[in-house]
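Chemist: Kindly generate the complete structure, drawing on both the sequences and the hints.
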Amino acid sequence: MAKRMSLRERIPKPPKPADMLNSIQGSQFWSSVFRPGSIFRKGYTDSPRNRSYVVMNSVLYHLHPVKVKRHAVKVSYTLCLGGLSFFLFIHLTVTGIFLMFFYRPTAAQAWNDIKTLQTSVTFGLLVRNMHRWGAHLMVISVFLHMARVFYHGAYKPPREFNWVIGVILLTLTLLLSFTGYLLPWDQLALWAVTVGTNMMGYTPVFGRQVRFVLLGGVEIGTDTVLRWYVLHVLMFPFVIVIFMAIHFWRVRKDGGISGPL
Amino acid sequence: MTEIPEHLLKRSKARREQAGAGKGDAGNGGGGGGESADDGEKIPARLLQGEGGSSGGAATATVARPAAGAPAQSPGAVGPAGHTQRLLTVVKAGSIQDVKSVPTDKVHTWPHLLVGEFVAALAMTAFLFVFAIFVNAPLLGMANFNLTPNPSKAPWYFLGLQELLTMFHPMVAGVTIPGMGLIVMGAAGYIDKNPSNKPEDRKFAIALMTFFLMFWAVLVIIGSFFRGEGFNFIYPWDQGVHEIFDL
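Protein chains in written order, with the numbering used here: chain L, 1 to 261; chain C, 262 to 508.
Hints were generated in silico from the structure; no laboratory data involved.
Here the structure is a predicted model, which is why all the values come from computation and not from measurement.
The beta-carbon is built from N, C-alpha and C at its ideal position, and this holds for glycine as well.
Take these hints with a grain of salt, some might be off.
Claimed, not checked - Listed below are the simulated DSBU-like cross-link pairs for lysine-lysine, each with C-alpha atoms no more than 35 Å apart in a straight line:
id : chain 1 : residue 1 : chain 2 : residue 2
1  : C       : Lys459    : L       : Lys253
2  : L       : Lys69     : C       : Lys459
3  : C       : Lys454    : L       : Lys253
4  : L       : Lys74     : C       : Lys454
5  : C       : Lys459    : L       : Lys42
6  : C       : Lys271    : L       : Lys42
7  : L       : Lys3      : L       : Lys16
8  : L       : Lys74     : C       : Lys274
9  : L       : Lys253    : L       : Lys3
10 : L       : Lys3      : C       : Lys459
11 : C       : Lys367    : C       : Lys454
12 : C       : Lys454    : L       : Lys42
Unchecked claim - Taking beta-carbon pairs under 8 Å as the criterion, some of the chain L residues facing chain C (in silico):
id : residue
13 : Trp30
14 : Gly124
15 : Arg128
16 : Tyr151
17 : Arg159
18 : Ser177
19 : Pro204
20 : Phe206
21 : Ser258
Modeler: Rendered as structure tokens:
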């Protein structure tokens, strides 16, 4: 009779980390997540081919081509302003979603919700601050981006239509910022919006109607808060994302970024 | 002229030798088309004579050249049904495809562009984070219709417009000027017919834009810091910025 196996021998040995990694990377699930050629399937060593694969086999390919002009990656040319505007938009979306959990868009509750957010919600004040300052920064960066593009003559053919999209994006950015301005429902918000919408009320011919539609009534009130809230968190972001998609797509189709000068 | 990589030269040499060998085999079947001197680069003078010999100098590529390795049929020979096969056309390189004479200098998006973008995003996040820790967003008292703050100001980016409001009718200052401004701005690419993007060629455009940006910036700064109670002129250091301006 064979010698009985000891307890230690009978317990199956845990797999080695390398084997585990291999079996995970060989699984159907893993290969369904990462496309053939993805660096997460086959590992990454620095080579021109792998540098191409990083972009080509990931969702990044929607935004960036595999190669870009050498001068286009110089920070001194673009100052990163377009990219930062986009990044700030993402930042504002993330912080904005956090704020939405604690905010009710009515005249009776809005201000108290913000106050509670600042005093009783973990990181509430910090996230609100980041949202507010990020919003101002985005207005500035979009504006500076526009100036940069103008000074490089990048609004000229074949990019003239993308410049039009850019002006629309600037307008949408201002509208996003302005609609968000009302939401805290404090004195600053109320009167800044009063000044702003009074100006819009002077639109020729349809002035009164424009103001009525904007305010959801003849005066700023709880209906205005709801209306601007929906515009701020849903409608303008939706529209601006569409225009951003066209904007980025056209940057590539019009031959990459302009220049060198 | 760009350097042709060595492995490509090698490959082309190998292919050429292979093609030359193929032609030699097929040469006896065709009408004596396989000239061993033909290295596949030049158009044989014999073919060009049929088209009028003068075009020989400009020819750099041919269309409908018999494929190398296929049974070589002399293009000048008469085909089975009496059709004359001939060279269709001689085209200059670059006339069909847009061949760029100077190849653009390109780098890989990863890592050259993506690393920069990532660092910029990280720096921006860090800046916002630190700034938000130390500076609180304003939250004044609850909105009160019966208490009009003096001065009442629009958000800072509209203060240029509010400044115009002191000079023009509200319809002009609030609707016409910004509306026209946006339309003219959007049409810039269609108005400006100057194709150059070199700063020295576009002094007028740059001067105009700079004037416009400065004009706007000055209006915003005046509206923000130099307008106090009743939107009258004040110095910010007399009253303190917090009395007259909030973000």
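Chemist: Taking each numbered hint in turn, which are not upheld by the structure, reported in ascending numerical order?
Modeler: Hint check: 5, 8, 9, 10, 12, 13, 14 and 20 fail, others pass.
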